[in-house]
Amino acid sequence: MNNELWQQAKKLASRLYDTYLEKDELSDGTPIFVAYNPELVGCKSQGKTRELALTNLSEARIDYIYSLLEDGLSVPQPNSLNTVTGGLPNTKTNTYIREYIIEADIAVDDVSAEPSQPDNQVPLYQESWAKA
Amino acid sequence: MPSKAEKLLARMRRTGAGWKSKDIITLYSGFGFIITQGGSHYTIKHPEFISVRELRDTLPRGDDELSKAYVRDAIKRIELLEKLRKEAEEKHE
Numbered sequence: 812m813n814n815e816l817w818q819q820a821k822k823l824a825s826r827l828y829d830t831y832l833e834k835d836e837l838s839d840g841t842p843i844f845v846a847y848n849p850e851l852v853g854c855k856s857q858g859k860t861r862e863l864a865l866t867n868l869s870e871a872r873i874d875y876i877y878s879l880l881e882d883g884l885s886v887p888q889p890n891s892l893n894t895v896t897g898g899l900p901n902t903k904t905n906t907y908i909r910e911y912i913i914e915a916d917i918a919v920d921d922v923s924a925e926p927s928q929p930d931n932q933v934p935l936y937q938e939s940w941a942k943a
Numbered sequence: 056m057p058s059k060a061e062k063l064l065a066r067m068r069r070t071g072a073g074w075k076s077k078d079i080i081t082l083y084s085g086f087g088f089i090i091t092q093g094g095s096h097y098t099i100k101h102p103e104f105i106s107v108r109e110l111r112d113t114l115p116r117g118d119d120e121l122s123k124a125y126v127r128d129a130i131k132r133i134e135l136l137e138k139l140r141k142e143a144e145e146k147h148e
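Protein chains in written order, with the numbering used here: chain B, 812 to 943; chain X, 56 to 148.
Only chain B is shown next, with the shape it has when bound in the complex (with noise of 0.2 Å):
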């Protein structure tokens, strides 16, 4: 592993990417959280509460983001990089996530459902802001 690499992935992993979490289950139908940042596709985890999701995540964005800069792939910016933010928390640090609990279950057999994804469809969902 390339530790200057692993270092600057560990920066840009820092940054306040948007954060979705999703109840979902596991095969034997325990429930679990899937938590993901919708700028990078692909980087997920899971936990069995919100917060150990959102750990894992964390720790996976650093995985995902070491991968990119490891095939010389230029890595997504953050949204709240690009969008103003206007009415909502602003932060200098990034203790602050937003959280969409997704309650609407996609059958998985429906190979053809899209992902929960706020920018295809519009789930039913609650917004808060939650200290991280």
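Everything labelled a hint here was simulated from the structure, so no lab data went into it.
Among these hints, one or two may not hold up.
[Claimed, not checked] With a straight-line cut-off of 25 Å between C-alpha atoms, the simulated SDA-like cross-links for lysine to any residue are:
| hint | chain 1 | residue 1 | chain 2 | residue 2 |
| --- | --- | --- | --- | --- |
| 1 | B | K822 | X | S106 |
| 2 | B | K834 | X | K131 |
| 3 | B | K859 | X | Q92 |
| 4 | X | K131 | B | L865 |
| 5 | X | K77 | X | E61 |
| 6 | B | K834 | X | I130 |
| 7 | B | K834 | X | K75 |
| 8 | B | K859 | X | E120 |
| 9 | B | K834 | X | I80 |
| 10 | B | K859 | X | D119 |
| 11 | X | K75 | B | T866 |
| 12 | X | K77 | B | D839 |
| 13 | B | K859 | X | S95 |
[Unchecked claim] Computed footprint of chain X on chain B, listed as stretches where at least three residues anywhere in the stretch have a Cβ under 8 Å from a Cβ of chain X:
| hint | region |
| --- | --- |
| 14 | 830-838 |
| 15 | 850-856 |
| 16 | 860-874 |
[What the hints assert, rightly or not] Take a look, some chain X residues computed to stay more than 10 Å from chain B by CB distance:
| hint | residue |
| --- | --- |
| 17 | A60 |
| 18 | G85 |
| 19 | F86 |
| 20 | T91 |
| 21 | T98 |
| 22 | E103 |
| 23 | T113 |
| 24 | E137 |
| 25 | K138 |
| 26 | K141 |
| 27 | E142 |
| 28 | K146 |
Using N, Cα and C, we set each Cβ at its ideal position, and we do this for glycine too.
Could you slot chain X onto chain B? The hints should help.
Only chain X this time, still in chain B's reference frame:
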């Protein structure tokens, strides 16, 4: 004759239940994805389409049991891979 990975994909399409982390890794490997051990997660990418971010994934290394979202996403990723391969072939002809 369908490969082991193709049979696995067909079974996953039928049901999203009962799959473990190693099955998803077997599926990805069978379709030519590269699986790299990162810090706490495996990172997945495809050597033919390194710059296609939609073909990248992360899998937790410590969890044997994965959310069904991983199965859904893996199926969609392989469908995209097949589409991209087909497009590349058509362009080549």
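Here is how each hint holds up against the structure:
As the CA atoms of B/K822 and X/S106 are separated by approximately 22 Å, the hinted pair is consistent with the 25 Å bound. The hinted pair formed by B/K834 and X/K131 meets the criterion: a straight-line CA distance of about 20 Å does not exceed 25 Å. Of the pairs offered as hints, the one joining B/K859 and X/Q92 holds, with about 22 Å between alpha carbons and a cut-off of 25 Å not exceeded. Under the criterion of a C-alpha separation no larger than 25 Å, the hint pairing X/K131 with B/L865 is consistent with the structure, at around 24 Å.
Proximity of X/K77 to X/E61 is assessed by CA-CA distance (about 16 Å); at most 25 Å being required, the pair is judged to hold. Taking the CA atoms of B/K834 and X/I130, the gap is near 20 Å; set against the 25 Å cutoff, the hint holds. Distance hint between B/K834 and X/K75 is fulfilled; the C-alpha atoms sit about 18 Å from each other, no more than 25 Å. The suggested pairing of B/K859 with X/E120 holds, with an alpha-carbon distance near 11 Å, which does not exceed 25 Å.
For a cut-off of 25 Å, the pair hint linking B/K834 to X/I80 stands: about 23 Å separates their Cα positions. Distance check on the hinted pair: B/K859 and X/D119 sit about 13 Å apart at the alpha-carbon level, within 25 Å; holds. With a C-alpha separation of about 22 Å, the suggested pairing of X/K75 with B/T866 holds against the 25 Å cut-off. Only pairs whose Cα atoms come within 25 Å are accepted, and X/K77 paired with B/D839 is accepted, the gap being roughly 16 Å.
Straight-line distance between C-alpha atoms of B/K859 and X/S95 comes to about 16 Å, which keeps the hinted pair within the 25 Å bound. Residues of the region 830-838 of chain B with a Cβ under 8 Å from some Cβ of chain X number 5, which satisfies the need for three, so the listed coverage holds. A count of 6 residues in the region 850-856 of chain B with a Cβ less than 8 Å from any Cβ of chain X is obtained; the coverage claim is therefore met, three being the minimum. Beta-carbon proximity to chain X at under 8 Å applies to 5 residues in the region 860-874 of chain B; the threshold of 3 is reached and the given coverage holds.
No beta-carbon of chain B is positioned within 10 Å of the beta-carbon of X/A60; the least distance is around 16 Å. No beta-carbon of chain B is positioned within 10 Å of the beta-carbon of X/G85; the least distance is around 18 Å. For X/F86, the shortest C-beta to C-beta distance to chain B comes to about 15 Å, beyond the 10 Å cut-off, and the non-interface label holds. Not every Cβ of chain B is farther than 10 Å from the Cβ of X/T91; the closest lies at roughly 7 Å, contradicting the non-interface assignment.
The claim that X/T98 is not at the interface with chain B is violated, since a C-beta of that chain comes within 10 Å of its own (minimum 4 Å). Listed as a non-interface residue, X/E103 keeps its Cβ farther than 10 Å from every Cβ of chain B; the least gap is roughly 13 Å. Interface exclusion of X/T113 from chain B breaks down, the closest Cβ pair being 4 Å apart, not more than 10 Å. Listed as a non-interface residue, X/E137 keeps its Cβ farther than 10 Å from every Cβ of chain B; the least gap is roughly 13 Å.
For X/K138, the condition that its CB be more than 10 Å from all CB atoms of chain B holds, with the nearest at approximately 14 Å. No beta-carbon of chain B comes within 10 Å of the beta-carbon of X/K141; the shortest separation is about 18 Å. No Cβ of chain B approaches the Cβ of X/E142 within 10 Å, the least distance being about 19 Å, so the stated non-interface status holds. Annotated as non-interface, X/K146 keeps its C-beta farther than 10 Å from every C-beta of chain B; the closest such distance is 22 Å.
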